[in-house]
Amino acid sequence: MGQVHLIQLLLAGAVALAQAADPTRVDLEIESGTMKTCVLVVDPTASGGHAVRFSAGGGRVDLDLPALPAGPWYVWIRTRASTAEDNGLLMLLDGKPVSAPPDHKWAGVPDIYLTKKGWSWEPEWQGPGKGNHEGPIILNLSAGKHRLTLLKRKTELPLLDRLILTRDAKVPGEKGALPPGK
4 MGQVHLIQLL LAGAVALAQA ADPTRVDLEI ESGTMKTCVL VVDPTASGGH
54 AVRFSAGGGR VDLDLPALPA GPWYVWIRTR ASTAEDNGLL MLLDGKPVSA
104 PPDHKWAGVP DIYLTKKGWS WEPEWQGPGK GNHEGPIILN LSAGKHRLTL
154 LKRKTELPLL DRLILTRDAK VPGEKGALPP GK
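Position 97, counted from 1, in the sequence shown is what my numbering calls 100; the numbers after and before it change by one each time, with no gaps.
No incorrect hints appear here.
Once the Cα atoms are required to be at most 25 Å apart in a straight line, the calculated DSS-like pairs of lysine-lysine come out as:
1) 157 <-> 108
2) 39 <-> 99
3) 99 <-> 148
4) 133 <-> 120
5) 120 <-> 108
Derived from the structure by calculation, the hints contain no laboratory data. Please read all numbers here as calculations on a predicted model, not as lab measurements.
Model the full assembly from the supplied sequences, consistent with the hints where possible.
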């Protein structure tokens, strides 16, 4: 059994225990997903000591979500984008492209902008032109299990560390700790 596979199995077990404890929060290390055309990077500043980077030839991470109640879920992805060329990705939900909802300023836009300032939890919808981005990203899920897929967009190679879904708009702390008052 390879080291990467062992890490994925251990993380999946820890995630399953955490999900049972709090049905209003899903917390996944990106490297616990099924990676295709990605590189596992050792990074002591990442929450689990590792992060995922899409490769130059492509990139995809499939994350299986546990059974969840229906309704809106805020999407927080801990990422590090070093340049304007490394600050984006796309998402699929159950194999279908995710885009900004009809009531959002950038309705229908599928591109997700990642902040270029060290590690950040705040992905936003990327509108047309430079500097036109706005969040938060909210998924309206039906009850049950889902698969969320993160995809490489254009040439971007951001570091992907962790994904958290919550029922409220409070941005997670530095490495995913709950914000004060939670």
